[in-house]
Each structure stands twice: as structure tokens, then as C-alpha cells.
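The task is simple: from the sequences and hints, build the whole structure.
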Amino acid sequence: MAFLECIDITKEYANTIALKKISFSVNKGEMVAIIGPSGAGKSTLLRCINRMIVPTAGDVIFDGVNFNTLNSAQLREQRRKIGMIFQHYNLVNRLSVVENVLHGRLGYKTTFEGIFGRYAEGEKEEAFKILARLGLEEQAYRRCDELSGGQKQRVGIARALIQEPKLMLCDEPIASLDPSSAKIIMDYLWDINKSIGITCFVNLHQVDVALKYADRIIGIRKGEVIYDGPPCALKKETIHQIYDSKTGELIMD
Amino acid sequence: MELLVVKKRQNYIAMFFILVALLSYGAMEVTGFEPAQALIAIPQAIVWSLSNFYPTMASIKNLPAILIKLHETVFLAIVATTTGGICAMAFALLSTKGVPVFTVMCRLIASFFRNIPDTVWAIVLLLSFGQNVISGYIALFFATFGFLTRAFVETIEEVGANSIEALEASGATYGQIVFQAIIPSCITQVVSWLLFMIETNIRSSTLVGMLTGTGIGNLFNIYYKFFDYHSASLVVIMIVIVILIIEAASNHVRRMIL
Ligand SMILES: Nc1ncnc2c1ncn2[C@@H]1O[C@H](COP(=O)(O)OP(=O)(O)OP(=O)(O)O)[C@@H](O)[C@H]1O
Ligand SMILES: [Mg+2]
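Protein sequences, first through last, are from chains D and F. With my numbering applied, the first sequence covers 1 to 253. With my numbering applied, the second sequence covers 1001 to 1258.
Do not rely on the hints blindly, as some may be mistaken.
[Said to hold, decoys possible] Within a straight-line C-alpha distance of at most 30 Å, the following computed BS3-like cross-link-like pairs (lysine-lysine) qualify:
{"hint": "1", "chain 1": "D", "residue 1": "Lys-81", "chain 2": "F", "residue 2": "Lys-1007"}
{"hint": "2", "chain 1": "D", "residue 1": "Lys-81", "chain 2": "D", "residue 2": "Lys-246"}
{"hint": "3", "chain 1": "D", "residue 1": "Lys-235", "chain 2": "D", "residue 2": "Lys-81"}
{"hint": "4", "chain 1": "D", "residue 1": "Lys-124", "chain 2": "D", "residue 2": "Lys-212"}
{"hint": "5", "chain 1": "D", "residue 1": "Lys-21", "chain 2": "D", "residue 2": "Lys-212"}
{"hint": "6", "chain 1": "D", "residue 1": "Lys-166", "chain 2": "F", "residue 2": "Lys-1008"}
[Said to hold, decoys possible] Here are the computed distance ranges between Cβ atoms for each label pair:
{"hint": "7", "chain 1": "F", "residue 1": "Val-1099", "chain 2": "D", "residue 2": "Glu-249", "range": "27 to 37 Å"}
{"hint": "8", "chain 1": "D", "residue 1": "Asn-27", "chain 2": "F", "residue 2": "Val-1099", "range": "30 to 40 Å"}
{"hint": "9", "chain 1": "F", "residue 1": "Ile-1187", "chain 2": "D", "residue 2": "Gly-149", "range": "16 to 26 Å"}
{"hint": "10", "chain 1": "F", "residue 1": "Phe-1017", "chain 2": "D", "residue 2": "Tyr-13", "range": "34 to 44 Å"}
[To be verified] Listed below are several chain D residues computed to face chain F (Cβ distance under 8 Å; list not exhaustive):
{"hint": "11", "residue": "Ile-17"}
{"hint": "12", "residue": "Leu-91"}
{"hint": "13", "residue": "Leu-106"}
{"hint": "14", "residue": "Ile-115"}
{"hint": "15", "residue": "Arg-118"}
{"hint": "16", "residue": "Ala-120"}
{"hint": "17", "residue": "Glu-121"}
{"hint": "18", "residue": "Ser-195"}
{"hint": "19", "residue": "Ile-196"}
{"hint": "20", "residue": "Ile-198"}
Treat the hints as calculated values from the structure; they're not laboratory data. Everything numeric in this text was worked out from a predicted model, so none of it was measured. Idealized CB from N, CA, C, for every residue including glycine.
As C-alpha cells, this is what we get:
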């Protein structure tokens, strides 16, 4: 059985259908890039996977568990196996880097321990190990609002990694970064995917980045899958079809 | 196309000014307010104030009594703000939890308390609690609670939404999210709103005091009714001084926490 399976996922809003019967299955360790124009439904799709958005219809089966059958406590238990990274980092800016990283452990704590921020020694050591791996050990005690965008995104990755996730959902992780910070972030994601074997979903606006890093590309337009396959088989015409553009209209031409 | 949009916007702006002018004129007609007469009255009022409304040596002897009442009023404002603030925070957290029933219920309750002015609350409460400090306290508490609930909800949605989403996605419980994300990111705005509310409530509690027969408002009322304008003016001056001090103190606190 596949590691993650999405079957006929549909999401309807009052006046738009964001996703129309999207189905795919992903194996363990794959690096999947989702591309598509603004409003195609990339963010909605990502959030339907961890049920931050509840799909109107369809099933998500992750690691043998159908998310439709879970109560809220069981859902939280599944969510801690899924790390999430955001375009705007979504850190608590007034707290320190290491406090933000440790937030990734809250899913494993009782409410009481979590409220008072009582983490085990082992968890703190792990936090510093991950920070070192991401080149942030010197920033550990700085407040997050003092960091650059690239550093904030690395804190976001550290917070996801400390969850010991099996799956990583990244919603436009490099959309607010300059090219060199963007490369650093993509290289870390690639490294996490290849060396730890965490399955990654990355929403991207840059087709060239997707082609370079992903093992598999899913192209969506207006809530429908237009392409699903390896980067090498993605033809120019298909890219134009995804973005509804003509030859010469995209920067890559 | 572009031009049409600009033109349309210009039409809207023109319509807006015409509407404001019509409304103002209508209001003057209905209330019988004469702007010309009001303008003429201003110099007269100034002359009257300068010749009557100033403290004298004789009125200074009332200062201790004034200070005691002022202390009572300021204290009432602070207590109403802190207790109202705590309840408002609880309601704001409940309403942003993401359970639609709670959200609607909390907003309805808060908006009910917010939309009735504190003076109206005071008058209503007078009937059941009588002329005492309890009526004043409850009136201020209700108005504060209603106003702050809305302010806190907006703050949480504006400042906290991103980190709430992140922690929810990682499997944290709402209690953990409140203490690890919402309170750390919203604390400065919350303190700022509380300080603002204390300033507002000192002014309001003066007014409410006139109705409920307590505090500095009542003292002013008494002096005024017995034509002791000198002592009444001293009361006004003391209120202004206290408000300036509170404002300076809260500015200082704001600078410290930001
Ligand atoms: N809460 C909502 N209410 C109504 N419509 C929504 C809501 N959220 C998203 N939509 C609609 O669903 C569609 C897909 O939105 P989504 O955010 O998933 O697009 P996206 O591919 O992530 O776009 P972008 O690249 O700009 O982030 C859009 O048409 C959007 O307007
Ligand atoms: Mg998006």
C-alpha cells in the first residue's frame, strides 16, 4: 500500500471549487513538487492532506490511516508525524529561536507540560543538534524577529524536523526569499529528503526549481491535475498548458 | 477602461461629500442646532469661565476631600479595566478557538455589552443596585468587557493567526497554543489596550460617578449645584492632571514592552 494516498479530494467554497477530484499516491521518500498558477489550489491541496482544511469529499490515507475516521485527539497524533513549512515562516516572533524549535514537540506533550514549556533534557539537546545541522547554533538564543528571512525559514524547518516527521508539507517555502537564501533552503530540504528519507511535498512558483530538485512533479490548474510524472518527461507544451500561457510568455522560454 | 474606473471613483467621492453635507444639514434641522448662534456663544462662554471658573485660595482647602474622591474614582477605573480585561480575554480566546458555535455566541454577547454606553448601563443599574459604587463598577465593567473582547479578538486574528496555524498543524492542543503562541505574540497589544482602557475609564468613571452619586463625579456635581464654581474648577484641574499622569505612565510602559 502506498505511503500517502489521496482519493478524489474535492474542496468547494461558497462560490469556487478549489479542488476537483484530485487523486494520486506517493511512495515513501519521494520529493514531490506541486506547480501551478496562483489560485490553482496548491495551498488548499497541501492543507487538505493534514486536514488543516477539511475536504468537501474524498479520502486521505496516510501511513495506513484514513483521516476521515479520526477524532480530534487522533488527528493531533497523526499531525505530529507531518511537519509543515510556510511562506511567511509562521514563527512566534517574540520568542527565541530555540523556543520556537521546541514548539515542534508540543504534539508529544500533555497540555500541562506544553503550557509551561516543560521539555525534557533530551528534547533540548535534539533542538540544538538540529539547529547546528541547519547552521543556526549561534542564533539559538536570539529573538526570531531579529533574524533574516532565510534564517527564519531554517528555524521553520528545525521546528518541523524536531517533530521527527515522516512527511513534510512545504507551502511556497522560498517565495519570500532572495535567490541565494532560496537555494540554501531548497538544498536543506533536498538533504532532509535524501539523507533522512522524509517524504516531501513542496509547493513552488518557480518551474526551474521544481525541475531541478523534485523526483516527481504534479502540475495543477483550476483544481485539476494536468501533469503527474517525473521532471524529465514534463514537456514545454504541458507547462504552458498548466500556466495557460503561450510560447514566449514564460520567463523560461 | 482605466479612465472609466478613475471617473467612477471620483463620482463616489463627490457622492460621499454630498451625503455628509445633507446628513449634517438634516441633523441641524431636526435638532434645531444653529451653528451661527453656537459660534457667537463661544466668546461668551470663555468670558464666563475666566471670570468664575478658576480655583481660589478658599477652594484649596477642599483639596484633601477632592484627592480622596479622585483616588476612589481612579481605583474604580483600574479595577473595572483589569477585571473586564480578564473576562474579555477569556471570551476572545473562546471565540478564536475555531468552534463556530462559540465564535457566534461570544461575538453576540460582546457586541450586546459594547453597544450599550456605560452611562446607560449606570442608569439601568441604579434601579436595581441603588446609588452606590457597585452600580458604577458594574457599568464600567460591562462596557470595558464588550469593547476589549472585540479588540482582543482582532489582535489575536491579526498577530497570532500565522503561528496558531503552525502549531495546530504540528498537533498542539489549543491550551498549548494559547500559552505558547497567542499570549507571547499578543501580549504587547493586549497591555496597550488595557492602558488605553484605563485612561478611557477614568474619564467615564467621572461621568458615571455623577449618575451613581459616587467618586469625583459626584463631588463635582455637588460643588456645581451649590454654585461653588471655584472648587468645581479645582476638581476639573485635578482630573486633567491625573489623566495626564496616567497617559505619561502608560506611554512609558508601552515604550518599555515594545
Ligand atoms: N477560505 C476561502 N474561501 C473561499 N475561497 C477560497 C478560500 N481559500 C481559497 N479559496 C479559493 O480557492 C482557490 C485555490 O486557492 P489556493 O490558495 O489553494 O491557491 P494557490 O494555488 O495556493 O494560489 P497561490 O499560488 O496564489 O498561493 C482560489 O480560487 C481561492 O480563491
Ligand atoms: Mg498558496
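Hint check results:
1. Under the criterion of a C-alpha separation no larger than 30 Å, the hint pairing Lys-81 (chain D) with Lys-1007 (chain F) is inconsistent with the structure, at around 55 Å.
2. Taken as a hint, the Lys-81 (chain D) and Lys-246 (chain D) pair is broken in the structure, with Cα atoms around 41 Å apart against an allowance of 30 Å.
3. A hinted pair counts as satisfied when its Cα atoms are at most 30 Å apart, and Lys-235 (chain D) with Lys-81 (chain D) does not qualify at roughly 35 Å.
4. Distance check on the hinted pair: Lys-124 (chain D) and Lys-212 (chain D) sit about 35 Å apart at the alpha-carbon level, beyond 30 Å; violated.
5. For the suggested pair Lys-21 (chain D) and Lys-212 (chain D), the alpha carbons sit about 28 Å apart, so the restraint of at most 30 Å is met.
6. For a cut-off of 30 Å, the pair hint linking Lys-166 (chain D) to Lys-1008 (chain F) is broken: about 55 Å separates their Cα positions.
7. In this structure the hint that Val-1099 (chain F) and Glu-249 (chain D) lie 27 to 37 Å apart at CB is violated, the actual value being about 46 Å.
8. Between Asn-27 (chain D) and Val-1099 (chain F) the CB atoms are about 37 Å apart, so this pair conforms to the stated range of 30 to 40 Å.
9. A hinted range of 16 to 26 Å for the beta carbons of Ile-1187 (chain F) and Gly-149 (chain D) is consistent with their spacing of about 24 Å.
10. Here the CB-CB span from Phe-1017 (chain F) to Tyr-13 (chain D) is close to 38 Å, well matched to the stated 34 to 44 Å.
11. Restraint check, Ile-17 (chain D) versus chain F: the minimum CB separation of about 22 Å is more than 8 Å; hint violated.
12. Checking Leu-91 (chain D) against chain F: minimum C-beta separation of about 6 Å stays under 8 Å; hint holds.
13. Annotation: Leu-106 (chain D) was flagged as interfacial toward chain F, and the flag holds, the nearest CB pair being 4 Å apart, inside 8 Å.
14. Interface hint status for Ile-115 (chain D): upheld, as the beta-carbon distance to the closest one in chain F is roughly 4 Å, under 8 Å.
15. Interface hint status for Arg-118 (chain D): violated, as the beta-carbon distance to the closest one in chain F is roughly 11 Å, over 8 Å.
16. Restraint check, Ala-120 (chain D) versus chain F: the minimum CB separation of about 16 Å is more than 8 Å; hint violated.
17. Look at Glu-121 (chain D): its Cβ only gets to about 19 Å from chain F, farther than 8 Å, so that hint breaks.
18. At its closest, the beta carbon of Ser-195 (chain D) sits 22 Å from a beta carbon of chain F; the interface hint therefore is violated under the 8 Å criterion.
19. Because the smallest distance between the Cβ of Ile-196 (chain D) and any Cβ of chain F comes to about 17 Å, over 8 Å, the interface hint for this residue is violated.
20. Residue-level restraint check for Ile-198 (chain D) is violated (minimum Cβ-Cβ distance to chain F is 14 Å; threshold 8 Å).
Hint compliance for this structure: hints 1, 2, 3, 4, 6, 7, 11, 15, 16, 17, 18, 19, 20 are broken, all remaining hints hold.
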